[in-house]
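Those protein sequences? They're chains S and Z, same order as listed.
Using the numbering used here, read the first sequence as starting at 1 and increasing by one per residue.
Using the numbering used here, read the second sequence as starting at 1 and increasing by one per residue.
Think of the hints as simulated: they come from the structure by calculation, not from any bench.
Incorrect hints may appear among the rest.
To be verified - Here are the simulated lysine-lysine pairs, DSS-like style, with alpha carbons at most 30 Å apart:
{"#": "1", "chain 1": "S", "residue 1": "146", "chain 2": "Z", "residue 2": "64"}
{"#": "2", "chain 1": "Z", "residue 1": "31", "chain 2": "S", "residue 2": "203"}
{"#": "3", "chain 1": "Z", "residue 1": "74", "chain 2": "S", "residue 2": "74"}
{"#": "4", "chain 1": "S", "residue 1": "203", "chain 2": "Z", "residue 2": "64"}
{"#": "5", "chain 1": "Z", "residue 1": "203", "chain 2": "Z", "residue 2": "146"}
{"#": "6", "chain 1": "S", "residue 1": "31", "chain 2": "S", "residue 2": "146"}
{"#": "7", "chain 1": "Z", "residue 1": "203", "chain 2": "S", "residue 2": "74"}
{"#": "8", "chain 1": "S", "residue 1": "203", "chain 2": "S", "residue 2": "146"}
{"#": "9", "chain 1": "S", "residue 1": "64", "chain 2": "S", "residue 2": "31"}
{"#": "10", "chain 1": "S", "residue 1": "64", "chain 2": "Z", "residue 2": "74"}
{"#": "11", "chain 1": "S", "residue 1": "146", "chain 2": "Z", "residue 2": "203"}
Claimed, not checked - Okay, the calculated beta carbon distance ranges per label pair:
{"#": "12", "chain 1": "S", "residue 1": "154", "chain 2": "Z", "residue 2": "196", "range": "19 to 25 Å"}
{"#": "13", "chain 1": "Z", "residue 1": "76", "chain 2": "S", "residue 2": "215", "range": "46 to 52 Å"}
{"#": "14", "chain 1": "Z", "residue 1": "31", "chain 2": "S", "residue 2": "215", "range": "24 to 30 Å"}
{"#": "15", "chain 1": "Z", "residue 1": "198", "chain 2": "S", "residue 2": "162", "range": "29 to 35 Å"}
{"#": "16", "chain 1": "Z", "residue 1": "140", "chain 2": "S", "residue 2": "130", "range": "20 to 26 Å"}
{"#": "17", "chain 1": "Z", "residue 1": "95", "chain 2": "S", "residue 2": "34", "range": "33 to 39 Å"}
{"#": "18", "chain 1": "S", "residue 1": "132", "chain 2": "Z", "residue 2": "87", "range": "22 to 28 Å"}
On a predicted model such as this, the values are computed, not experimentally measured, just so you know.
Every residue gets a Cβ at the ideal spot worked out from N, C-alpha and C, and that includes glycine.
2 protein chains.
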Amino acid sequence: MLAAKEFRLTKLVAASPFRTREEREREREEKREAVLLAAVRMFNARGYHATSLDDVAASLGISKPTIYHYLGNKEQVLVECVNRGLAMLRTAADEAADASGTGFDRLRAFLCRYAQINMDDFGRCVILTNDEVLSMDSATRFRARKREIDAVVRALIAEGIADGSIAPVDVRFASFALAGALNWPARWHDPDGTLTPEQVAEKLVDVVMNGMAPR
Amino acid sequence: MLAAKEFRLTKLVAASPFRTREEREREREEKREAVLLAAVRMFNARGYHATSLDDVAASLGISKPTIYHYLGNKEQVLVECVNRGLAMLRTAADEAADASGTGFDRLRAFLCRYAQINMDDFGRCVILTNDEVLSMDSATRFRARKREIDAVVRALIAEGIADGSIAPVDVRFASFALAGALNWPARWHDPDGTLTPEQVAEKLVDVVMNGMAPR
DNA sequence: TAATCAATATACTCGTGAGTAGAGGAGAGA
DNA sequence: TCTCTCCTCTACTCACGAGTATATTGATTA
Numbered sequence: 001m002l003a004a005k006e007f008r009l010t011k012l013v014a015a016s017p018f019r020t021r022e023e024r025e026r027e028r029e030e031k032r033e034a035v036l037l038a039a040v041r042m043f044n045a046r047g048y049h050a051t052s053l054d055d056v057a058a059s060l061g062i063s064k065p066t067i068y069h070y071l072g073n074k075e076q077v078l079v080e081c082v083n084r085g086l087a088m089l090r091t092a093a094d095e096a097a098d099a100s101g102t103g104f105d106r107l108r109a110f111l112c113r114y115a116q117i118n119m120d121d122f123g124r125c126v127i128l129t130n131d132e133v134l135s136m137d138s139a140t141r142f143r144a145r146k147r148e149i150d151a152v153v154r155a156l157i158a159e160g161i162a163d164g165s166i167a168p169v170d171v172r173f174a175s176f177a178l179a180g181a182l183n184w185p186a187r188w189h190d191p192d193g194t195l196t197p198e199q200v201a202e203k204l205v206d207v208v209m210n211g212m213a214p215r
Numbered sequence: 001m002l003a004a005k006e007f008r009l010t011k012l013v014a015a016s017p018f019r020t021r022e023e024r025e026r027e028r029e030e031k032r033e034a035v036l037l038a039a040v041r042m043f044n045a046r047g048y049h050a051t052s053l054d055d056v057a058a059s060l061g062i063s064k065p066t067i068y069h070y071l072g073n074k075e076q077v078l079v080e081c082v083n084r085g086l087a088m089l090r091t092a093a094d095e096a097a098d099a100s101g102t103g104f105d106r107l108r109a110f111l112c113r114y115a116q117i118n119m120d121d122f123g124r125c126v127i128l129t130n131d132e133v134l135s136m137d138s139a140t141r142f143r144a145r146k147r148e149i150d151a152v153v154r155a156l157i158a159e160g161i162a163d164g165s166i167a168p169v170d171v172r173f174a175s176f177a178l179a180g181a182l183n184w185p186a187r188w189h190d191p192d193g194t195l196t197p198e199q200v201a202e203k204l205v206d207v208v209m210n211g212m213a214p215r
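Using the sequences and the hints, build the whole thing.
As structure tokens, then:
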């Protein structure tokens, strides 16, 4: 069995319709991910309540029970989507915490990444999902994970104030203002537009870091 | 008839259960407004789709057909709510356009008012309502009215840049960033919290106008 | 080769919520 | 007093969408 798989891996034979256990598991994963991607795009475009799993299934050319074969229920579909977005944010936050440089520079770098994630399919979903649509349980976990990200922003601001690279602003309100400014693209950014998420992020972060007042 | 009303207006008699035509019309208006207020609060708290008109009616101690007696359908309820919010914004925008002072000062004053409106019941509704929930027709009008407000923000920024009171920022992205930062309280502000909308608005505007960089 | 399992479909159930039909009661006006 | 209009209700209809029961097919395993 192992020999057969090794042989096939050498690509000496055409792709076989017979799958090994790993291949089947990988395919299952791929299908699950495809369902989530199709779902998150429709959730983002039309809203969670306005999107039926029949619609999602149709967009993939499958039927609703197939979705239920891969995911427990509609809420779990949404939860998996926001979890992917939250995971990206978490990674970015961890990198910011480990980075070196002034508070200002580290905050700036993190915010750029944060804004970019908010223009990703799964990242947008984190912003567009209101916790009222979730069950109490999921909503609690969701809020907790968002709070973790916010805590990192506040820590970075505080560090910047401590090292003198950031003006002595009100940390709480600064984090609210930054979050709002950088979450907003989740609602207006057009992925087909001329500007890439990187460019949009850069420009927004410039404005919010420097403010309006001439210096 | 007129004499009877005049007599009653002198408050020489106790309030009568018999209504004049004007009183009846005013009462009808009041009831309509009460429906809208109850509806917008539930829409804001639980989302438009998740709120049934049965719920709204129950919160007023009436039945659903009574709501239909005052308003055409569910979408019209929502449209009337956002129109009230948009009207407040429009008024604030007109005042800003007529005000005197530097671009910076006028922008600052307008943004404070803008942020406060976003913490009002009807103002929040403007932010929380995604145009996908509206019919194409209503959505088009909605977007157009929001664009008018945005145009005022951009004009104020441009004037500020012209008169030197505002740094030469990218007008488009500055307006996006400001809008995002000041719209966000619609999602997190707690009306029962310790800070009034005025205080919140003031603090947020401070942060976004001055930025993070030490000056 | 028989039994099993994975993937998918069709065709349901069932609850919910928008919107309506129609009745009743109460004040206004003739 | 009779009628009209306004307000409100109870009791529906109807569509939609979440979730399920069950059949089928093809591959896997014993």
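Go ahead and decide if the range 33 to 39 Å is satisfied by the Cβ distance of residue 95 (chain Z) to residue 34 (chain S). violated (52 Å)
Could you see if the CB distance from residue 198 (chain Z) to residue 162 (chain S) stays within 29 to 35 Å? holds (30 Å)
30 Å Cα cutoff - pair residue 74 (chain Z), residue 74 (chain S): Answer holds: residue 74 (chain Z) to residue 74 (chain S) is near 25 Å, not above 30 Å.
Pair hint outcome, residue 31 (chain S) versus residue 146 (chain S) [Cα-Cα no greater than 30 Å]: holds (28 Å)
Taken at face value, is the distance from the CA of residue 74 (chain S) to the CA of residue 203 (chain Z) at most 30 Å? violated (40 Å)
CB of residue 140 (chain Z) to CB of residue 130 (chain S), is that within 20 to 26 Å? With a Cβ separation near 24 Å, residue 140 (chain Z) and residue 130 (chain S) satisfy 20 to 26 Å, so the hint holds.
With the threshold set at 30 Å, check whether the alpha-carbon distance from residue 203 (chain Z) to residue 146 (chain Z) stays at or below it. With a Cα-Cα distance of about 24 Å, the restraint between residue 203 (chain Z) and residue 146 (chain Z) holds, given a limit of 30 Å.
Given the hint that residue 31 (chain Z) pairs with residue 203 (chain S), test it: the Cα-Cα distance must not exceed 30 Å. violated (48 Å)
Note whether the CB distance of residue 31 (chain Z) and residue 215 (chain S) lies within 24 to 30 Å or breaks it. The hint (24 to 30 Å, Cβ to Cβ) is violated, given that residue 31 (chain Z) and residue 215 (chain S) are roughly 54 Å apart.
Can you confirm whether the C-alpha distance between residue 146 (chain S) and residue 64 (chain Z) stays at or below 30 Å? violated (38 Å)
Are residue 64 (chain S) and residue 31 (chain S) close enough, with their CA atoms no more than 30 Å apart? This hinted pair holds, its Cα atoms lying about 14 Å apart.
Can the restraint linking residue 203 (chain S) and residue 146 (chain S) be considered satisfied, given a maximum Cα separation of 30 Å? holds (24 Å)
Going through the hint list in order, the structure does not satisfy hints 1, 2, 4, 7, 14 and 17.
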